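*Asks:* Chain by chain, the residues:
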Amino acid sequence: MADHADKRQNQSYWAIVRRQFFKRRLAVVGLVLVIGMLMTALLAPLLANNKPIVASIGGRLCFPAFVDYWEAFPVPDFVRLPLQRDVSMFSPRYDFLGNEEWKDFLTGRVRTEGELWGGFHKGAGGDWALMPLIPYDFKEQHLAQRNKSPSDTELAGTQHYLGTDGSGRDVAARMIHGCIVAMTVGILSVGIYCTIGIFLGAIAGYFGGWVDMVFMRVVEVFLCFPTLFLILAVAAAFNAGIYGIVILLGLIRWTGPARLIRGEILKNKQSDYVIAARALGLSNPRVIFRHLVPNSLAPVLVSATFGISTAILIESSLSFLGFGVKQPMASWGEIGKQGRELLSSGKMYLAILPGLATFVTITAFNLVGEGLRDAMDPRLKS
Amino acid sequence: MLSYILRRLLLMIPTLFGITLITVGFMLAAPGKPGAEMEQVQTGGGGTKLQSSKALGKAMEEMGFFDEKGEKKWFWDAWYHWTFDKFMRLDLGTSIKYNRPVAELVWDRMKVTLLLNAISLFLIFLFSIPIGIYSSTHQGTVGDGAQSTLLFLMYSMPSWWLATMLILFLSSTIMPDLVAGLGWWPDAVDWPVLPSIGLGSEGSERLSLIPYLWDKAQHLVLPITALTVGGFAAISRYMRSGMLETIRQDYIRTARAKGVAEHDVLYTHALRNALIPIVTLAGGLLPGMIGGSIIIEMIFTIDGMGKLAFEAILNRDYLVVMANTTAAAILTLIGLLVTDLLYVFVDPRISLD
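These protein sequence lines are chains Z and Y, in that order.
The numbering used here applies: residue 5 is where the first sequence begins, and numbers increase by one.
The numbering used here applies: residue 2 is where the second sequence begins, and numbers increase by one.
Wrong hints could be hidden among the right ones.
Residues from chain Z that keep clear of chain Y, each with C-beta distances beyond 10 Å, as calculated [what the hints assert, rightly or not]:
| no. | residue |
| --- | --- |
| 1 | 18 |
| 2 | 22 |
| 3 | 42 |
| 4 | 82 |
| 5 | 86 |
| 6 | 121 |
| 7 | 272 |
| 8 | 282 |
| 9 | 348 |
| 10 | 362 |
In silico contact screen, one side only, chain Z against chain Y (beta carbon under 7 Å); selected entries [to be verified]:
| no. | residue |
| --- | --- |
| 11 | 224 |
| 12 | 230 |
| 13 | 233 |
| 14 | 237 |
| 15 | 347 |
| 16 | 366 |
Hint data in this document are derived by calculation from the structure and do not stem from the laboratory.
Remember, it's a predicted structure, so these values are computed and weren't measured experimentally.
No residue lacks a Cβ here, since even glycine has one placed at the ideal position from N, Cα and C.
Let's have the full structure, built from the sequences with the hints guiding it.
*Replies:* As structure tokens, then:
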């Protein structure tokens, strides 16, 4: 018994937090949902694509979906191109056929007639191909099949589970790919603004005096600014795109974590360990970033989790208003916009589903945030 | 008290400067000019080139953001001109797009946004305080659990989606059809279908007072609901945790022990103390609400500040953007000041001097 108690006493802070977190069923549900969303985003090109995941043509395996895998992600070219080249090293030449060429190529080999469907195709001569469950790309347009609902007779024999949008693109594929945008904007922008906020807040809190006063003035400017107003204004004026939104959110929303870390540092800077560190002659940056900041991070972590859901909300709102990510990138807000325009046409799912996806994602992140906050509550530690 | 207010008002000046600096900065950095209506002019060489019309050129020069050649001024010059030659002299100029004095235009739109936000704020407090009280007396019951789950879901709901859903179900024939199918609604009375565009039917301003207000109220239902839900959920959640924390305090136990009636314990002791942090939260809600009303105004085509900001930015109507942003910032600052003053009334222990 006493042994057990000792063991608990020796647990590190994060071990306690982890244990407290996993005690909360809803928080765990939120975490599972978040991980599911992240996986969906990462695997989107394998879930919805118009190229086979694996195919065997003439006895050779090829992986067409992997060749332009990163094209679906908002990664800059200098990151994407090397990745793509690496894939090309072990792929046979079939991989580099274009979308339409692929379809023709597969005709007569694994496809008999009609559209490619999701799942396994077996053709003559031992050739086969495994297509993603949604056999459409997020940007592949079929102008003849615009605004079709899944029950439309013209679409009979195809696998547009959710029909097509105003440009004849598959809505199900775009819903899956919308995950990428939501996750990228959420995580990247929060990463940026937490970095800025921690840096500025730590400096202001540690040095105090006029540095702190200037800092608080600047923070007040940002506090009084209706954030959405500013973000919308800039996004509309610059036609920003996804990087623009990420950078904007990063530059505007840093005041939250900055104030939190400033408060924590004001509280902690008279602690014994800080005085000890300074007595040892450590430089100011070292005291701040190696000793004070790591000990003051907990509240920032909680606010960052909530911040991700806010960022996702802002991105979807911007896209809903038509100033979010650029075409052909898929965003839930943009699909919702189309749904809003088509409300009277009876395609209710187009208005309901993208919002629902946003809603579930935001709820999941909020659940995780709540769980973290409760788990870190010092009153529960005993 | 008076010196405190004066000090706060003086402190607003640097904040306002900061906000105008940011706004001028991004307006000048944004590509494009207000010359949406460029006209083709014959040049000496026989070719044509695009040039803004004389009237527009003059208007652009009057704006103070462009020099006589129609080029954008330096950031600092433009900011100085707007702040000291326009804003400080209370002459905000004329809008290029609307051809109206900017001050008049912004004031018109501000009234609409203020109306929306005031009603919304009132409803938020009207509903969230009883919810906090209910939670504190019914903690752990099914009702409390259901209510806090519902609040959590409302808190996470994207307002654009909520607005779309409201339009889909309350402003279309879906609900009437459903109700008619169920057959429990009297056939003689139409199921109400709420309007989803604007703040009044066409020609409603000619109606007499009662029908006018009735028309207005009908138009307000959907936007107000969409605007209120998020803030309501946030405040209710704080109210709930605030009440639950207060009810566990020692002085509540003391009050109960000395035999104070339960009603008095709740309303005089607990509620008044739980309200203190809520008042500050209301201040924090303001920027979000003014920002959030952009989406609502866009979806429901309401001519408020949000929609004005939006249109002005797209038309590069610089003066309107400047005035509108500054007005929104001043509203927010005043809101924050009022919150701090309310703080004193709610909590007599706090003194501002």
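*Asks:* Would you pick out the hints that fail for this structure and give their numbers low to high?
*Replies:* 9 and 10
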